[in-house]
Amino acid sequence: MATMRWLVVLLVTVVITFSVFPNDVEAQKKLYVGGTQSLTGPFAEDSAAVLAAIEDYVRYVNETKNMAPWRKEKFPADITLEVLWRDDELKPAKALSIYEELKAKGMMVARISGSPIALALKDKMWEDRMGATSMATGPYYLTPPQSCLTYYPIYTDSMAAIADWFKASWKETRKPKVAYLTADNAMGRSIEIPEMKAYLEKVGYEFAGTQYVPLVPTSPPTTQLTWLKEKGVDLALGIMINPGAQPTVKEMVRLGMGPFQPHKMTFGTGAPGHSAVLAEAMGPLGDGYVCAGSFRPMDDLTVLGIKFCHELQDKYRPGKRVTHIMYQAGILEGMIQVEALRLAMQEVPFEKLTRRDVLEKGFFKIKNLETGKISSTPLTYGEGDIEGVDQIRIDQVQKGKVVEVGLTPLRNIFTRK
Amino acid sequence: MGSHFGAVQESYAQDLAIFRTKLHWGALFAFLLFLFTCPLFFSDRMLTIMTMIGIAVISVHGLNILTGYCGQISIGHAGFMAVGGYASAILCAKLGFPFWIALPCGALTAGIAGLIFGLPSLKIKGFYLIMATIAAQFIIIWTIIQLRSITGGPDGLSVPKPAIGSIVLSSKANYFYLVMAFTCLATLLAKNIVRTRTGRAFIAIRDNDLAAEVMGISLWSYKLQAFFIGCVYAGVAGSLLIHYYSFASIDQFPFMDSVWYLGMLIVGGMGSTTGAIMGAVALRLLDEFITMVGPVLSAAVAPQAAASLALISHGLVIIIFLIFEPRGLHHRWEMIKAYFRLWPFSHEE
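Protein chains in written order, with our numbering: chain A, 1 to 417; chain B, 418 to 766.
Hints in this document: simulated from the structure, not taken from any laboratory.
We put the CB at the ideal spot given by N, CA and C, even for glycine.
Take these hints with a grain of salt, some might be off.
[What the hints assert, rightly or not] Stretch by stretch, here's where chain A covers chain B in the computed footprint (C-beta under 8 Å, at least three residues):
#, stretch
1, 656-668
2, 726-738
[Said to hold, decoys possible] Some, not all, of what chain A presents toward chain B, calculated at C-beta under 10 Å:
#, residue
3, 40
4, 51
5, 85
6, 87
7, 89
8, 90
9, 92
10, 102
11, 115
12, 120
13, 123
14, 138
15, 140
16, 187
17, 284
The shape of chain A in the complex, shown without the other chains:
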């Protein structure tokens, strides 16, 4: 106990020291990008890749003042960008205090790291007129008010795109049977809206029902797949991330289900279940897997955007490259946030810039932002138009490789209220 007194004295001294001396004195013109990340939990790998890309992109802009190799516009020379981020662990309560902290530090752009965070922060961000890029693309975004912007299609539109593509190649006279095989969380269940089912029935499907798979399954979803098999389902649609999609596809193959298996069934997911990740991990075992709105494989150097990703990594992280596909998402998020700041500063001087300016004169003024073909189409935003792309690319795994099989217009499934 004698040492306890000294511990108390030490603690008080530390507290006083930190209170008296200011942390830093900022003289230069600085703007922040980044925002909340989910480095802990099921999206940890995705978020880490996104963060790495945002950091690399910001270094690129700071050094070159270029927006991208294929763009002529320049970022203001006297302004420095800095990445601010915190790990929200995909917990809404934590994201809330992080959001307040970053806002207090002067951040004028934000990001959403997953559906739980989106549901908790969406309205608050609108109240604060904070524009945000989002890794989650649930249909809940389409209910106004809106300041969260997506860079791949809303989940329900992805499902509609796969349904359209599948129906176009349907040869039999009977109606194809469709069912949901989706992640058992807010993200996965967000496709279960009446408008989605109505659309599927309208385009000629017979709806069989829904089966859920844990976001990260701890055992193969045998029961769910057997149910689909017994129901004679032709197309299973769902929103899953790769840790969920991979064991599901593996078990499908074991049960003889798939487009190239005895029981013909196609399994299609939205963007979070990127086909490039699945193809790389599973090879030919993943043949037939379909993904809508997915990013392209990281080794496809014919794509300008991916070449840019490689150039950034060559320069800023040689020896510790990020091969995860979500690096592309980070580049997109960086591009969108920085573009919003650049556009806003064309109308409002740095000293007078507010969050509302960045949202209304920045994010909402982004039109046909060329992303080097990382996104399905160039990105366009506006008030009431938060779904950046207007077409959805559909990829399929064939012989262990990702093959583009279609490009479908957005169906805008969710009724805009």
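Add chain B to chain A, keeping to what the hints say.
Same frame as chain A, now just chain B:
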């Protein structure tokens, strides 16, 4: 009457009083003054953190009554919070009830849910009761998802901001005052509940339920009362949480929160009102500390160094407390007080 040293109680009422000395009253006054003036010098972020701590404290008080005092371990507390939160949200958003009516209704609904899921406690205890309460968590969330037309299912439900008359509690400061008022009230109630006949019955059941029954304590009645009271607390916390977000979503009540609430109780000290507060404050502050050091660690060590830091640190803290201080922070605080009470005449060399 001659003068005397220290706090000597001269009547039974004095001995029973919660605030017995001038120092106690002074500390209470200083604390309330601090709470009242917080919004004047704290940022929105600090107010958000303190608001979330307040809500956690209310919830942990409930769990403390149920687990700490009555010995009925529950790992479904977040589920009961969801019941209270959703009931309150539905009443406000769908039926247009004012917040002040919706909140007690939500708390009551959570209490009734507690009664239902508490029924197995009459037949089972220990590990089996833990499993039953885990089931409660999952059944509640599953039910919320299925009742889509009422609850909004996985898409959630927008909730209007609470209002007192014409004053809408939309600012951080307003809501902070509201939550702190409830936290103080919940603490006072919890402190008093355990000093009543009911509270003593809870403790008797926790210490030895067979002996308690032999003494004439109705296990059936008191165990259910503990579930009811504990879940009413959870309902209040859930309701305050939902109204703070202005949005009800199942993701706000994950299973792991139920585990962490129990962790807060372990860290603070089971069977102590002060311990419940200390545990909730300690783990929430640890959470915030981890959030702040994450990017620093990531930059200094490796990009992935910050990942799962909170999970690891929470788990580690709980293990350390279970091994080295199973009676929690409250016990350590009592020891510190005892030391300074005797200082400079320490027991130790």
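Each hint, compared with the structure:
Given as covered by chain A, the stretch 656-668 of chain B passes the check, having 7 residues with a CB less than 8 Å from a CB of that chain where 3 are the minimum. For the stretch 726-738 of chain B, the stated coverage by chain A is satisfied: 3 residues place a CB nearer than 8 Å to a CB of that chain, which reaches the threshold of 3. Proximity of residue 40 of chain A to chain B holds as hinted, the smallest CB-CB distance being about 5 Å (cut-off 10 Å). Because the beta carbon of residue 51 of chain A sits about 7 Å from the nearest beta carbon in chain B, less than 10 Å, this interface hint is met.
Interface restraint check: residue 85 of chain A against chain B, minimum CB-CB distance 6 Å, threshold 10 Å, status holds. Of the supplied interface hints, the one on residue 87 of chain A holds, with its beta-carbon coming within about 5 Å of a beta-carbon of chain B, less than 10 Å. Taking 10 Å as the C-beta contact cut-off toward chain B, the hint placing residue 89 of chain A at the interface holds, the least distance being around 6 Å. Evaluation of the residue 90 of chain A hint against chain B yields a held restraint, the C-beta minimum of about 8 Å falling below 10 Å.
Restraint check, residue 92 of chain A versus chain B: the minimum CB separation of about 5 Å is within 10 Å; hint holds. Taking 10 Å as the C-beta contact cut-off toward chain B, the hint placing residue 102 of chain A at the interface holds, the least distance being around 9 Å. Hint status for residue 115 of chain A relative to chain B: holds, with the closest Cβ pair at about 7 Å, below 10 Å. The closest approach between the C-beta of residue 120 of chain A and any C-beta of chain B is roughly 5 Å, which is under the 10 Å cut-off, so the hint is satisfied.
Below 10 Å, beta-carbon pairs count as interface contacts, and residue 123 of chain A has one with chain B at about 6 Å; its hint therefore holds. With a cut of 10 Å, the hint placing residue 138 of chain A at the interface with chain B holds, because the nearest CB-to-CB distance is about 7 Å. Residue-level restraint check for residue 140 of chain A holds (minimum Cβ-Cβ distance to chain B is 5 Å; threshold 10 Å). Taken as an interface hint, residue 187 of chain A checks out: its beta carbon lies about 8 Å from the nearest beta carbon of chain B, inside 10 Å.
Taking 10 Å as the C-beta cut-off, the interface hint given for residue 284 of chain A is violated, the closest approach to chain B being about 31 Å.
Consistency note: the structure conflicts with earlier hint 17 alone.
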